[in-house]
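S.K.: Each chain is listed here by its residues.
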Amino acid sequence: MIDTYDSNEAMLASLKAGGMGTYDVAVPGDYMVKIMAGAGLLDTMAEGELANKGNIAAEWADPNFDPGRQHSIPYQWGSTSFAVNRDVYTGDINNTDILFNPPAELQGKINVLDSQGEVMALAALHMDIPQCSTDRDQLKALNAMLLGAKANWVSFNSDTAKEVLVSGDAAAGMIYDGFSAKAREEGANVEYAFPTQGYIAWMDNVVLLNDAPNRENALKFMDFLLVPENVAQLTNWTRYAAGVEGVAPLLDEALRTLPEANPHEGAGQAVFIDACDEEVQAVYDTIWTNLKK
Amino acid sequence: MAGGAASGGSATTDTYKEARNWLLLPAWVYLGAFVLIPVIMMLIYSFLTKEFRGGIIWDFSLAAYGQFFFDRGLFGDEPAKIEWTYITIFWRSIWQAAVATLLALAIGFPTAYFIATRPQKARPMWVFLITIPYWVNLLIRTVSMKFMLRDTGPLNDFLMGTGLINDPITIINTNFAVQLGLFYSYLPFMVLPIYACVERYNFSLSEAAADLYASKWVTLRRILLPAVKPGVIAGCILVFVPSMGSFLAPDLLGGAKNFMIGSLIEEQFKGNAGNWPFGAAASMVLLSMVLIILMVFARQQARAEKEAS
Numbered sequence: 399m400i401d402t403y404d405s406n407e408a409m410l411a412s413l414k415a416g417g418m419g420t421y422d423v424a425v426p427g428d429y430m431v432k433i434m435a436g437a438g439l440l441d442t443m444a445e446g447e448l449a450n451k452g453n454i455a456a457e458w459a460d461p462n463f464d465p466g467r468q469h470s471i472p473y474q475w476g477s478t479s480f481a482v483n484r485d486v487y488t489g490d491i492n493n494t495d496i497l498f499n500p501p502a503e504l505q506g507k508i509n510v511l512d513s514q515g516e517v518m519a520l521a522a523l524h525m526d527i528p529q530c531s532t533d534r535d536q537l538k539a540l541n542a543m544l545l546g547a548k549a550n551w552v553s554f555n556s557d558t559a560k561e562v563l564v565s566g567d568a569a570a571g572m573i574y575d576g577f578s579a580k581a582r583e584e585g586a587n588v589e590y591a592f593p594t595q596g597y598i599a600w601m602d603n604v605v606l607l608n609d610a611p612n613r614e615n616a617l618k619f620m621d622f623l624l625v626p627e628n629v630a631q632l633t634n635w636t637r638y639a640a641g642v643e644g645v646a647p648l649l650d651e652a653l654r655t656l657p658e659a660n661p662h663e664g665a666g667q668a669v670f671i672d673a674c675d676e677e678v679q680a681v682y683d684t685i686w687t688n689l690k691k
Numbered sequence: 004m005a006g007g008a009a010s011g012g013s014a015t016t017d018t019y020k021e022a023r024n025w026l027l028l029p030a031w032v033y034l035g036a037f038v039l040i041p042v043i044m045m046l047i048y049s050f051l052t053k054e055f056r057g058g059i060i061w062d063f064s065l066a067a068y069g070q071f072f073f074d075r076g077l078f079g080d081e082p083a084k085i086e087w088t089y090i091t092i093f094w095r096s097i098w099q100a101a102v103a104t105l106l107a108l109a110i111g112f113p114t115a116y117f118i119a120t121r122p123q124k125a126r127p128m129w130v131f132l133i134t135i136p137y138w139v140n141l142l143i144r145t146v147s148m149k150f151m152l153r154d155t156g157p158l159n160d161f162l163m164g165t166g167l168i169n170d171p172i173t174i175i176n177t178n179f180a181v182q183l184g185l186f187y188s189y190l191p192f193m194v195l196p197i198y199a200c201v202e203r204y205n206f207s208l209s210e211a212a213a214d215l216y217a218s219k220w221v222t223l224r225r226i227l228l229p230a231v232k233p234g235v236i237a238g239c240i241l242v243f244v245p246s247m248g249s250f251l252a253p254d255l256l257g258g259a260k261n262f263m264i265g266s267l268i269e270e271q272f273k274g275n276a277g278n279w280p281f282g283a284a285a286s287m288v289l290l291s292m293v294l295i296i297l298m299v300f301a302r303q304q305a306r307a308e309k310e311a312s
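Residue numbers (my numbering), protein chains in the order written: chain A, 399 to 691; chain B, 4 to 312.
Isolated chain A, as found in the complex:
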């Protein structure tokens, strides 16, 4: 039995609303692994239960969202920033000003992801404040900055983030790296930005759920996903990146030199989205509602 979902939050909601015990594995994003583990939804894999655990690439073997990889293995990872239509704007795009303080050519032509986590994280990078800041002045400034920036945005679309760039409905848009590459392959003259202020990294992970009806098979499946040949096939299809050692030589030539996967020299740091605590999350929710009311 397979079910799909359009956001981490939607998956969490369906698991909490009686979905536990139905599924063996789920594929949450980085910060959601931490949330699910905290909520006691994830089973722990004892040392040695996964034969291929050693194949996980060193930089992903001990991530902050799942220290020691006790509940999860890497599925695919990539980055989220934004892409700009080069027919419309030819200036420097490696700056978050493109979204939050755009040049005249792009004003009123910007799509942002309809996703609180991504918008807030990129906004925090833009303002050079920590994610999930508890500082009241910083939060007030964040609220004001976003309200001001919204005047230059034309839409909030996640599912159609690529399509609006290809069709020309938007001239710049927040987007995942793979979506941006697909937009370019479909003929849009878009360039993916790695802003100097930093950009968002994401990683989807396969997690072992508590009360899995077929725990043995789930582990077999996870082992399968850690074999370089298998995950290379997956990666050639998704056009993101694998978190497994030895995949690179098996990838398509085009994928190895993909501009969307190879940041330039001056690019800022890639950061994972933080899961805020309850108090800050309440403020974030209010800011998000203010933004969309």
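Note that these hints are calculated values from the structure, not bench results. None of these values were measured; they are calculated from a predicted model. Here a beta-carbon is modelled for each residue, glycine too, at the ideal position from N, C-alpha and C. A hint or two may mislead.
[To be verified] Computed Cβ-Cβ distance ranges for the label pairs, DEER-style: (1) A/Asn462 / B/Thr134: 52 to 60 angstroms; (2) A/Asn660 / B/Asp170: 37 to 45 angstroms; (3) B/Leu297 / A/Lys618: 52 to 60 angstroms; (4) B/Leu34 / A/Gly644: 58 to 66 angstroms; (5) B/Trp98 / A/Lys548: 16 to 24 angstroms; (6) B/Asp62 / A/Ala408: 21 to 29 angstroms; (7) B/Leu158 / A/Glu627: 45 to 53 angstroms; (8) A/Ala449 / B/Leu141: 41 to 49 angstroms; (9) B/Asn169 / A/His662: 34 to 42 angstroms; (10) B/Ile110 / A/Ala646: 56 to 64 angstroms.
[Unchecked claim] Chain A is nowhere near these chain B residues, computed Cβ spacing over 10 angstroms in every case: (11) Leu27; (12) Pro29; (13) Tyr68; (14) Phe73; (15) Leu77; (16) Ile92; (17) Ile97; (18) Ala101; (19) Leu106; (20) Leu228; (21) Ile240; (22) Val244; (23) Glu310.
We have chain A already, so just place chain B on it with the hints.
M.R.: Here is chain B on its own, set in the frame of chain A:
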């Protein structure tokens, strides 16, 4: 239905009366399981405490309704003021749905009249034609609308080709696009009930009115409209109510820049907010509003019937 059956011949009345409860059982089971129980669950949830990141804690709380009606500032610790945010969102949804309903009425009424005045044999074909586009999934139709309306779409190409306009009219990502999308989504719900009424209308009444020197306008207003009023009201309700809770058209055609009731509630269950009691409370407010609207219509209808008899 059961009322109609019971008012049949007097000999059969008693038989039906006894069987009626049993015959209605499937309907009651259905309504109970899929309407009544979920609504009661929503009602209970709306008075419970929220669990962080979705879920509920079984402690009585008015916090959800408090959040709906009172504004306590960005950090939730200022003195309470009236919260306009959600009223604004509700008002926007009502307004969008109302415009969509009026558009549907303006197009749907003449269409229904046209179909009802075709020869008997041709009518099913016209009704069939009305329903054909609705065999396609709503999502696909809404995305197609987006293609039609966008700056580089066929509509703007056509208008620019004819020389009527020089620059494309921006329709996509505006409120008008949402209204258009809602109107298109629910148009048959307006046409079909009105058609059912106009079809039963005795056209000799119109002729009689004309014989008595009533103008066409007066005949429409004083004779036809009162006769088909139940169909018009049913059509308006069937378009208005789903339009108000819709989130597909606002998201895809309106650019999701502003919450509508539907997307606000969705966000509470599926989005980051994860505030189930608040989503339930907003649903209860919406439900109460719809019920009030329906009750007002029902009372008007009852009064009109009383006057008629």
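S.K.: Each hint needs a verdict: does it hold in this structure or not?
M.R.: These are the hints, each one checked on the structure:
1. A/Asn462 / B/Thr134: 52 to 60 angstroms: 55 angstroms, holds
2. A/Asn660 / B/Asp170: 37 to 45 angstroms: Given a distance of about 39 angstroms, which is inside 37 to 45 angstroms, the answer is holds.
3. B/Leu297 / A/Lys618: 52 to 60 angstroms: For B/Leu297 and A/Lys618 the Cβ distance comes to about 55 angstroms; the hint holds.
4. B/Leu34 / A/Gly644: 58 to 66 angstroms: Between B/Leu34 and A/Gly644, where Cβ atoms are some 59 angstroms apart, the hint holds.
5. B/Trp98 / A/Lys548: 16 to 24 angstroms: 21 angstroms, holds
6. B/Asp62 / A/Ala408: 21 to 29 angstroms: Because 26 angstroms falls inside the window, the suggested range holds.
7. B/Leu158 / A/Glu627: 45 to 53 angstroms: At 50 angstroms between Cβs, range holds.
8. A/Ala449 / B/Leu141: 41 to 49 angstroms: 47 angstroms, holds
9. B/Asn169 / A/His662: 34 to 42 angstroms: For A/His662 against B/Asn169, whose Cβ atoms are near 41 angstroms apart, the range 34 to 42 angstroms holds.
10. B/Ile110 / A/Ala646: 56 to 64 angstroms: 59 angstroms, holds
11. Leu27: For B/Leu27, whose nearest Cβ neighbour in chain A is about 31 angstroms away, the distance exceeds 10 angstroms, so it holds.
12. Pro29: 26 angstroms, holds
13. Tyr68: Holds, since 16 angstroms exceeds 10 angstroms.
14. Phe73: B/Phe73 is indeed farther than 10 angstroms from all Cβ atoms of chain A, at 13 angstroms.
15. Leu77: 6 angstroms, violated
16. Ile92: Violated, because the least Cβ-Cβ distance between B/Ile92 and chain A comes to about 6 angstroms, which does not exceed 10 angstroms.
17. Ile97: 15 angstroms, holds
18. Ala101: Its Cβ never comes within 10 angstroms of chain A, the nearest being 20 angstroms, so this holds.
19. Leu106: 23 angstroms, holds
20. Leu228: 39 angstroms, holds
21. Ile240: Answer for B/Ile240: holds, closest chain A Cβ roughly 28 angstroms.
22. Val244: Its Cβ never comes within 10 angstroms of chain A, the nearest being 23 angstroms, so this holds.
23. Glu310: 44 angstroms, holds
In summary, the structure is inconsistent with hints 15 and 16 from the numbered list given earlier, while agreeing with the others.
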